[in-house]
Amino acid sequence: MVDPLLRLNDFQLSVLKEIGNIGAGHAATSLSVLMQREIDMNVPRVHVVSLQEIDEIMGGAEQVVVGVFLRMEGDISGSMFLVLKLESAEMLLKVLTGFEGNGFTEFEQSALMEIGNILAGSYLSAFSDFTKANIHASVPAISIDMAGALLNAVLMHVGMYSDTALVIDTEFWQGNELVDSHFFFLPDPGSVAAIFKALGVDFA
Amino acid sequence: MNIVKVGMADLNVARDPDILRTVGLGSCVGVAIVDISSKVAGLAHIMLPTAGKPDVENPAKYADTAIPMLVKQMQQKGAVVSRMVAKIAGGAQMFSTLNQNDLLRVGPRNVEAVKMSLQLLGIPIRGEDTGGNAGRTIDFSAADGSLTIRTVAQGVTTL
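Protein chains in written order, with this note's numbering: chain X, 1 to 204; chain U, 1 to 159.
Rather than coming from a laboratory, the hints here were simulated on the basis of the structure. In this text, all values refer to a predicted model and were calculated from it rather than measured experimentally. Please note: incorrect hints may appear among the correct ones.
Stated by the list, open to error - Partner residues are not named here, just some residues of chain X that face chain U (Cβ under 8 Å, in silico):
#	residue
1	Ala61
2	Glu87
3	Glu90
4	Met91
5	Gly148
6	Asp163
Beta carbons: idealized from backbone N, C-alpha and C, even for Gly.
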């Protein structure tokens, strides 16, 4: 059986990109409110990528990053994963909490978890409005470690059913400064058909 | 000397003096096998414990299909099973706060499945660094069978 993800056409990919655009737009607005700063985002990128090559879209699998991970469950299931470079996490904490130490205590970690929670929550609510799907998110989990190792754990749900991941990836900006981060939306392979069905797009 | 990369759910075989590398093992397990007499080494980056069916699209993903496949590829390069020894690393739990789902215990289950598969093939384990909650990057030398493990907090160790 050929992986259906590998047969996505340009129109279907552009639909996914638009979903990512709406979700990330809401997420950026929520983050702006939280940070009381202007936050923008770029147009999301949609990747259909094999598990063997997936670390390349993030760049530097060995780099230490902050990862916040949530599962979404309901009519459509998948994973949401916020990856922040350490400097970006420090920058966000500085604005939010006046952080200027080194190393993240439990307090900083829970603040970062809350950022992930807010981003994911607003992304999801836009997504569920759009698809009319009933979806809820798990509590977030945080880990600070090698990017590849975190991705390993996040991709477990994809790996159970597929050798290919559908990744909708957004970057955020604060003013002219890139908040060096990725926000990944990874629908479970079994949910891709449900997404297209909810949107009235043909998908074999 | 070349560095041969092994991606997630992937495996590869190399000869002396090459080095096999997999970057960022989380809950996945790296299985390194060497036949030191023929200086043929193999490394698999295993993602899940069992395939549950005989024909899977990517055998390199599962412990019970990847290890026999790796051994076969090593044999094709002249390695002999009775001389093979293994070292394993990985199987961490990266997100400790999530526990509602058995899937998140996949690290320890991967380690168990890997040990079972090695035992079935009669390949002894000569070194192990598994569990915990830290990501690992490993280099496996086909020249001497040494396995170098890097973590963020603990630095470098060699098995």
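Checked hints:
1. With its C-beta approaching chain U no nearer than about 4 Å, X:Ala61 sits inside the 8 Å limit, and its interface hint holds.
2. Hint on X:Glu87 is violated. Least Cβ distance to chain U is approximately 16 Å, over the 8 Å limit.
3. Checking X:Glu90 against chain U by beta carbon gives a least distance of about 16 Å; that is not within 8 Å, so the hint is violated.
4. Because the beta carbon of X:Met91 sits about 20 Å from the nearest beta carbon in chain U, more than 8 Å, this interface hint is broken.
5. Interface restraint check for X:Gly148: the shortest CB-CB distance to chain U comes to about 2 Å, inside 8 Å, so the restraint holds.
6. The beta carbon of X:Asp163 comes within 5 Å of a beta carbon in chain U, closer than 8 Å, and the hint placing it at the interface holds.
Going down the numbered hints, you'll see the structure goes against 2, 3 and 4, while the others check out.
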